[in-house]
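Participant: This is what each chain is made of:
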Amino acid sequence: MRVPLSWLNDYVKIDLPVKEVEMILTNAGLEVKTIDYYGLPGADLEWERDNVVLGHILQVEQHPNADKLVLATVEYGADKPEVVVTGAPNLFPYVGQGDIAHLNLYSPLALEGATLYDGHKAELKKTKLKGRELRGVYNRCMLCSEKELGISEEHDGIIIMVKDEYAPAYKAGTPLQDVLGDAVLEIDIIPNIARCASIVGVAREYAALTEQDICYPDYEVVMEGQPLDNRVVITTENAKLNPRFVALLIEGVEQKPSPFWMQYRLRLAGQRPINVVVDISNYVMLEMGQPNHTFDYDFLRQRADEYAPDGPIHINTRLPHEGETLTTLDDITHKLQPYNILVTDPLGNLSLGGVMGGLNSEIKPETKNVLLEAAAWNFINIRRTGTQLGIHTDAAFRFSRGVHPSQALLGAKRAAELLRRLAGGTVANGIIDTYPEPAEPVKVDLNLNYARRLSGLNLSGTEIANLLRRLEFDVTVHAESLTATVPDHRMDIEGGHDLVEELCRVYGYGRIPSTILADTLPPQRGNPTLEQEERIKDILVQAGLQELINFRLTIPERENRLYAGDKTWQTDSADTYVTLTNPISPERSVMRHSILASVMDIAANNSRYQGRIAIFEIGQIYIGQPDELLPQEKTRLSLVLTGQREVPHWQTGDEPPLYDFFDLKGILEHLCDNLQIQVQYEAARHASYRPGRTAQLLLNETPIGMMGEIHPLVVERFGIRIEPGQAVLAADIDLDALIPAIPQAYPYKPLPTYPAVREDLALIVDKTVSAASIEEALLTAGGPLLQEVKLFDVYEGKPIPPGKKSLAYHLTFQSASKTLTDKDVSKNRKRLIQQLSKMGASLRE
Amino acid sequence: MLAQLDELYAESLEKLKAATTTAVLDTWYKETLGRKGAVYLMTRQVGQLSPEERPVFGQQINKIKTDLENAYQERLAEVKAVELESHIASSALDITLPGRRPARGGLHVITQTLREIYRIFGDMGFQVYRSPDVETDAYNFEMLNFPPHHPAREMQDSFYTTKEDVILRTHTSAGQIRAMHNYYPEPVRVILPGMCYRNEQITTRSSIQFTQVEGLAVGTNITFADLKGTLTEFARRLFGANRETRFRASYFPFTEPSAEMDVSCFLCEGEGCQVCKYTGWLEILGSGMVHPVVLRNGGYDPAIYTGFAFGMGPERIAMLKYGINDIRLFWDNDLRFLQQF
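In order, the protein sequences belong to chains B and C.
Using our numbering, read the first sequence as starting at 1 and increasing by one per residue.
Using our numbering, read the second sequence as starting at 1 and increasing by one per residue.
Just to be clear, a hint being listed does not mean it is correct.
Some residues of chain C that are not near chain B, with every Cβ distance over 12 Å (derived) [unchecked claim]:
#1 ALA81
#2 LYS228
#3 ASN242
#4 GLY288
#5 ASP326
Okay, derived cross-link-like pairs now, DMTMM-like style, lysine to aspartate or glutamate, Cα gap no bigger than 20 Å in a straight line [claimed, not checked]:
#6 LYS163(C) - ASP575(B)
#7 LYS19(B) - GLU269(C)
#8 LYS277(C) - ASP188(B)
#9 LYS277(C) - ASP44(B)
#10 LYS163(C) - ASP627(B)
#11 LYS19(B) - GLU283(C)
#12 LYS19(B) - GLU244(C)
#13 LYS17(C) - ASP67(C)
#14 LYS33(B) - GLU271(C)
#15 LYS163(C) - GLU628(B)
#16 LYS33(B) - GLU283(C)
#17 LYS277(C) - ASP36(B)
#18 LYS163(C) - GLU633(B)
These are calculated hints, taken from the structure and not from any lab test.
Note that the structure is predicted; figures quoted are calculated from it, not measured.
C-beta atoms are modelled at their ideal positions from N, C-alpha and C, and glycine is treated no differently.
Sequences are here, hints too, so could you generate the full structure?
Facilitator: Shown next, in the form of structure tokens:
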């Protein structure tokens with residue numbers, strides 16, 4: 001909503017600096033988004049007070065040497081008038097009329113030295129006015145167009161302002177800043193201030209906030225025409241959909257441009273002036289918030305001649321018939337929906353009520369008689385209609401946010417009176433006001449203690465009442481409460497809480513104290529799951545991984561790239577995706593089933609720039625449940641490693657070693673060690689991973705995830721750029737299973753009192769024997785003194801026989817009760833070797 | 001014999017002075033004071049002397065031994081000092097060469113921002129409560145006092161799913177009712193972080209997916225003044241102790257009164273800059289007193305309980321703090337971006 005301050009000033013006194021007005025409105029919820037200045041300081045073109053003034057045109061004569069130029073004699077408050085050379089076509093009609101001072105034509109006059117925009121340039125270019133000879137007549141001043149002043153693009157003629165009984169009292173010589181200078185506030189109309197979608201609406205708020213009285217527009221109409229009674233009948237079929245319909249008839253309207261002051265206000269408010277009838281309709285809507293519509297009365301009468309030659313025009317509002325269509329005045333034909341409300345006559349529909357007029361019944365250039373409609377409509381129907389048909393008119397904007405039925409009569413009278421005054425019309429005698437169920441005044445009770453408790457303000461009933469009265473509430477104060485009658489321009493007050501907001505706004509949010517919560521502190525339970533997730537993130541970050549946060553919207557096809565050539569993986573989930581009906585793009589139409597797929601995509605994107613990629617994400621996947629409304633949201637961890645294991649350094653050269661399977665496994669071991677969780681790794685097969693380099697993670701024998709080297713085909717499908725020999729490692733783990741297993745507390749291991757004895761042992765075993773099984777056997781056979789088994793070498797090749805491998809271990813023996821002797825250790829060692837030889841292991845000498 | 005002794009002493013001192021390395025000193029020591037060194041060999045000659053001469057010779061040789069030992073220690077210290085100095089001098093590094101960095105990991109900048117928010121509110125007794133991303137229309141809208149076709153719904157364009165009444169939550173306010181049901185009849189003090197989704201064009205300023213942190217406090221003694229105090233405290237902890245806050249009337253269907261909180265611009269100190277659009281204020285969060293309808297839907301009787309709620313966008317906070325001008329960077333996950341934080 002664009003609000004010119006000069007217009008606002010018609011209804012409430014604006015005597016504070018613009019910035020303060022802005023702050024007062026913004027703080028009260030009428031957020032000023034921008035301020036546009038016209039001619040005033042702050043504008044791109046400031047009209048110099050001494051050099052740009054108002055001129056009174058006294059006479060217009062033909063230029064002696066040029067057909068297309070005239071000489072205008074202009075009085076501007078100086079000792080003698082100035083003769084100005086101009087080519088403005090809108091002065092030509094006055095040539096040769098002699099003294100035209102009595103016509104009261106005024107125009108902005110720029111004096112020599114004034115800075116203006118160059119009217120002949122397409123862009124806004126400033127230029128300084130210099131005196132020069134124009135075809136033999138010396139000229140030092142200029143009458144200005146809108147473009148030259150930075151008001152609009154208009155440059156077809158100069159601005160001509162007529163002083164009459166309805167126009168401001170123009171006076172020659174007044175600095176133009178004081179006449180047309182303005183600041184326009186762009187106010188964001190949020191849903192609960194729909195009442196402020198008008199200048200009067202904003203004025204009302206400003207008056208309340210600054211404790212001033214408001215001066216409403218003149219809502220009286222002079223009706224001197226023939227009676228309207230027998231000429232038009234209006235019925236509304238559903239008072240819920242169309243609570244009120246007011247109509248007035250204005251006859252003998254002259255269609256011409258509206259006066260400059262109205263055009264200027266419309267322009268500043270963001271409307272293009274059209275002609276006096278359309279402009280008045282828009283002006284009243286902007287001024288007091290009631291949209292209105294004009295019909296060609298003679299067209300309606302012609303139709304009535306068909307259905308009731310001797311009877312009145314019959315206008316009826318109703319819902320559409322099955323299959324009914326309507327052509328709006330933008331010449332688009334709409335198929336109507338059951339919730340569109342129509343203004344009709346017995347022959348068919350005339351307009352889309354509250355949204356847009358129909359093409360056939362609209363005002364035409366030759367229209368003389370205007371039937372004016374101002375109505376109230378159900379805001380939900382208007383909202384649905386506007387959205388469905390994609391029509392966003394100013395009327396629909398207001399009606400879809402709620403315009404109180406009380407405003408219809410005021411708006412209709414105001415528009416009719418302006419048509420009488422400015423368009424030369426005669427208002428038929430009588431107002432048709434179809435208002436079968438007048439809105440009851442809304443009364444709201446407010447408990448005073450509740451008001452104090454909610455606001456934190458310790459105010460008396462009278463103080464609260466006085467704050468509300470500033471917003472035109474009619475308030476009665478009782479002992480413990482008050483009753484407020486809501487003013488009839490508002491539809492947003494339902495309960496005491498609404499009144500508290502109003503009293504806080506008027507009191508000033510800024511004046512309400514700031515206090516620290518004194519209420520009982522709830523039991524502090526924390527969020528253990530979140531805390532563990534965050535702990536896992538920290539451990540992975542310590543291990544050198546970067547956390548990601550990805551889009552959770554994807555498509556199944558993108559996720560299925562994870563499964564190399566194995567159809568069974570693609571069928572499990574297709575119908576369990578949470579699927580959008582209105583995706584923003586086909587690429588983001590379902591909620592993800594896999595985090596790994598998005599982490600792989602990020603690996604691919606980064607592989608163009610990064611030598612080392614070590615990334616992870618913790619987040620939700622969404623598995624739709626056929627019998628449940630909402631999907632299961634499961635928390636998973638996915639991580640991907642590829643590329644250089646270390647940051648390259650000048651001492652180690654450009655190509656540090658690459659990540660492999662055991663880096664990934666080491667990170668997972670590091671994670672589980674930190675979490676005090678025992679996880680088993682079991683060789684497995686999975687369509688995402690390279691066979692032979694894949695493991696399933698088991699927690700207490702239950703699978704909780706997969707890890708391994710990503711299958712080369714999958715790497716290729718994701719487009720991860722890799723060097724020869726470079727592997728992509730990944731893991732995908734169910735945190736809903738892992739996190740509950742993290743112990744809250746665990747016993748520490750006491751530090752040893754007696755020294756440890758370390759022994760090395762190299763075994764030769766079949767290549768197929770797993771390291772884990774040897775380690776387990778060693779620990780079992782080693783007895784309680786064997787504290788630690790650590791593999792330090794794996795070797796195949798000569799002199800180890802083919803099909804065999806050598807595993808070398810550091811064994812640590814230690815007792816908690818004594819220093820071990822060689823005898824103790826060798827006894828254990830012997831037993832160990834004996835046991836292992838049963839597994840086919842031999843000692844490597 | 002004594003003369004020989006003097007001669008040995010003088011000669012040895014001479015050699016000691018000439019020694020400039022620890023290696024030469026080592027040799028000198030072996031040859032002079034070692035087990036088969038010159039002094040020892042002299043000692044063995046004591047047998048050739050008469051019993052009268054022996055004490056004098058003995059005394060003399062012990063003196064020489066001690067003196068030489070002292071002289072050696074002194075010289076050794078000198079030489080060692082010189083050697084150390086020259087070793088240090090010759091092993092200076094070009095300290096401008098780059099260091100050897102450990103492989104760096106990091107938290108996503110939004111996780112970092114969220115944790116800061118958790119910590120500050122945690123100190124004030126607000127605990128984290130999480131609720132689903134995929135929500136029912138009832139939790140996301142209806143129970144929060146957004147009736148169907150209400151104009152406020154237009155402020156948040158939803159993604160709908162193939163299941164009727166199931167949408168992607170447009171704000172984490174959707175968890176308010178769930179939290180109230182969970183905690184009733186205890187007082188509530190929670191923050192609700194999470195991912196939200198809106199059907200909007202993806203631009204530098206808006207995304208179809210964004211995180212939000214909602215806050216909710218419900219109790220028998222909670223006022224609008226508490227809302228102001230709590231959120232001002234939060235703003236000062238997050239943006240600096242000197243920050244001013246401004247509360248402006250606003251509108252959310254689930255709060256009444258509602259307020260927008262601005263923080264004095266920390267980039268220009270309120271002077272006016274491009275980021276604060278020359279207003280001196282930065283819009284940080286929306287807030288308000290919990291609407292009685294919402295309290296009732298959560299199980300709390302509005303005649304007894306009041307509460308406040310607020311909501312903020314961690315991306316906006318991070319954008320302001322680090323001067324990030326494109327919201328799309330957050331989910332692009334370019335490591336060159338993420339590793340700056």
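Participant: Indicate, hint by hint, whether the structure satisfies it.
Facilitator: Here's how the hints hold up against the structure:
The claim that ALA81(C) is not at the interface with chain B holds, since no C-beta of that chain comes within 12 Å of its own (minimum 32 Å). Non-interface call for LYS228(C) relative to chain B: violated, since the shortest CB-CB distance, roughly 4 Å, does not exceed 12 Å. Remark: the non-interface label on ASN242(C) is consistent with the geometry, its nearest Cβ contact in chain B lying 15 Å away (cut-off 12 Å). Non-interface call for GLY288(C) relative to chain B: violated, since the shortest CB-CB distance, roughly 8 Å, does not exceed 12 Å.
Interface exclusion of ASP326(C) from chain B stands, the closest Cβ pair being 15 Å apart, more than 12 Å. Note on LYS163(C) and ASP575(B): the hinted pairing holds, with a Cα-Cα distance of about 12 Å set against a maximum of 20 Å. Our distance criterion of 20 Å between C-alpha atoms is met by LYS19(B) and GLU269(C), whose separation comes to about 18 Å. Note on LYS277(C) and ASP188(B): the hinted pairing holds, with a Cα-Cα distance of about 16 Å set against a maximum of 20 Å.
In summary, the hint linking LYS277(C) to ASP44(B) is supported, as the alpha carbons are separated by about 17 Å, within the 20 Å threshold. Note on LYS163(C) and ASP627(B): the hinted pairing holds, with a Cα-Cα distance of about 11 Å set against a maximum of 20 Å. For the suggested pair LYS19(B) and GLU283(C), the alpha carbons sit about 18 Å apart, so the restraint of at most 20 Å is met. For a cut-off of 20 Å, the pair hint linking LYS19(B) to GLU244(C) stands: about 19 Å separates their Cα positions.
Annotation: proposed proximity of LYS17(C) to ASP67(C) holds, straight-line Cα distance about 14 Å (limit 20 Å). Proposed proximity of LYS33(B) and GLU271(C) is supported: the alpha carbons are some 18 Å apart, at most 20 Å. With a C-alpha separation of about 10 Å, the suggested pair LYS163(C) and GLU628(B) falls inside the 20 Å cut-off, and the hint holds. Among the hinted pairs, LYS33(B) with GLU283(C) is consistent with the structure: their alpha-carbon atoms are about 12 Å apart, no more than 20 Å.
Between LYS277(C) and ASP36(B) the alpha-carbon distance is near 14 Å, which keeps this suggested pair within the 20 Å criterion. Between LYS163(C) and GLU633(B) the CA atoms are separated by roughly 16 Å; this keeps the pair inside 20 Å, and the hint holds.
Checked against the numbered hints listed earlier, the structure breaks hints 2, 4; every other hint is satisfied.
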